[in-house]
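Protein sequences, first through last, are from chains A and B. To convert a position in the first sequence, counted from 1, into the working numbering, add 221. To convert a position in the second sequence, counted from 1, into the working numbering, add 9.
In short, the hints are calculated from the structure, not lab data. Note that the structure is a prediction, hence the values are computed from the model and not measured. Accuracy of the hints is not assured; some may be wrong.
[Unchecked claim] Some chain A residues well away from chain B (every beta-carbon gap over 12 Å; in silico):
1. 248
2. 272
3. 287
4. 290
5. 297
6. 338
7. 373
8. 379
9. 380
[Stated by the list, open to error] Derived, one-sided and incomplete: chain B residues facing chain A with beta-carbon distance under 10 Å:
10. 20
11. 29
12. 30
13. 37
14. 106
15. 109
16. 111
17. 116
18. 139
19. 161
20. 176
21. 179
22. 180
23. 184
24. 243
25. 247
Note that beta-carbon positions come from the ideal geometry of N, C-alpha and C, so glycine has one too.
Each chain, letter by letter, is given below.
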Amino acid sequence: MSVVVQHRGGGIILLSFVAALLLQMLALPEWAEALRPDWIALVLIYWCIALPERVGVGVGWIAGLVLDVANGALLGQNALALAIVAYLALRLHQRIRLFPIWQQSVSVLLLVLLHLMLTLWIRGSVYQSVVTWAYWLPAVSSTLLWPAVFLALRGLRRGYRIG
Amino acid sequence: MAIDHRQHRLEDIRAGLSVLIYPLQYMVDLPVSASSWVGENLSSRETLLEENARLRLQHTLFKAQLQKLLSLKMENARLRELLKSSRKVSERVLIGELLAVDLEPFTRQIVVNKGSRDQVFLGQPVVDADGAFGQVVHLGPFSSTVMLITDANHAIPVQVNRNGLRAIALGTGAPDSLSIPYLPMSADIVEGDLLTTSGLGGRFPPGYPVARVTKVDKDPTQPYATILAQPTAQLEQAREILLVWPKDDRAQRDAPDTTGETSTAGTP
């Protein structure tokens with residue numbers, strides 16, 4: 222009985238990741254492209270905090286791998302970075318859950334910055350990469366969008382009674 | 010895992026995963042192509058007439074040029090025959106369409122809706138109507154990723170069309186400039202020179218225009234001249250591109266041109 226309950230809503234989680242991937246690939250005008258939030262990381266952080274016993278490093282790694290293929294990035298670059306982000310979110314989930322939402326946003330800022338920094342390191346060690354300060358803008362937009370993403374995904378989770 | 014990728018061993022995994030990604034990419038592209046389709050269908054009669062007239066004019070012009078080209082081609086072939094040279098001018102091409110999909114920021118890459126199913130291969134040169142465009146870096150069954158010549162990781166061997174001076178054009182990561190390093194101060198290159206592919210790298214067939222030199226800075230304190238060029242291809246606007254199969258001399262030699270004889274010999 223408990224096993225059945227535990228595995229409910231896997232489809233919804235998958236669907237939220239697919240939606241994040243679509244948003245990540247959506248063609249935007251030049252000025253908005255730099256502001257594109259780190260959708261996959263946001264969704265991953267939410268599920269890590271909400272359902273730490275189901276979504277974790279493994280899911281982060283797979284999501285990162287798919288993102289690498291979709292992005293044409295070095296295979297494994299986002300996988301490694303997102304796995305580390307998921308690990309930290311898992312370690313801190315009990316604390317982040319209790320934070321008020323603005324404080325959560327700050328933790329998200331740090332986690333997304335970590336994701337960006339790790340990918341930058343990996344890229345920098347393998348490729349020639351040209352990076353301007355605009356590289357860090359997704360962290361800011363992700364932070365600002367966190368409350369909306371959090372409320373939407375929480376509504377989804379409660380609506381479908383996942384967990 | 011990253012190191013392994015450098016030896017291209019993971020290309021198969023990537024190709025497999027790209028099959029899963031392709032429907033998503035197609036979905037993302039759908040609104041863009043749909044809006045352009047609607048735009049085409051709803052454009053007024055006047056603009057269509059105007060465009061038609063313009064295209065007809067262009068067509069006549071191109072046709073006139075083509076006539077000249079045909080005779081030149083014949084003459085060229087004849088002269089090459091005299092010189093016993095086997096270089097061929099024309100290559101097989103396939104038109105691919107860009108998918109409106111954003112890839113990693115700060116890279117210059119695009120996704121094209123042709124893949125290994127259409128005999129696209131890794132490293133295949135890609136051109137558009139105005140010049141060299143890039144080359145295929147990742148390959149899936151239905152789609153492939155093309156690195157533009159302006160990507161910071163791309164280099165293309167070129168020569169100055171005016172005097173045959175050879176150089177290498179490196180991408181800078183900026184959408185509209187290439188840099189040409191390691192040319193001495195005395196090199197005969199001026200602003201406005203056309204750079205064409207030299208074909209030396211073995212990837213790009215020779216003779217395609219690549220870029221036009223926009224800035225030549227011969228600063229005596231620097232060891233080499235600083236040269237910038239602007240790509241002739243419409244890298245940021247093109248919607249259709251051409252995938253090129255360079256003519257391989259060896260493949261041509263291997264191609265059996267006596268099949269007709271053998272098959273007729275078999276029949277009584």
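Sort out which numbered hints this structure fails and list those numbers smallest first.
1, 3, 4, 5, 14, 18, 20, 24 and 25
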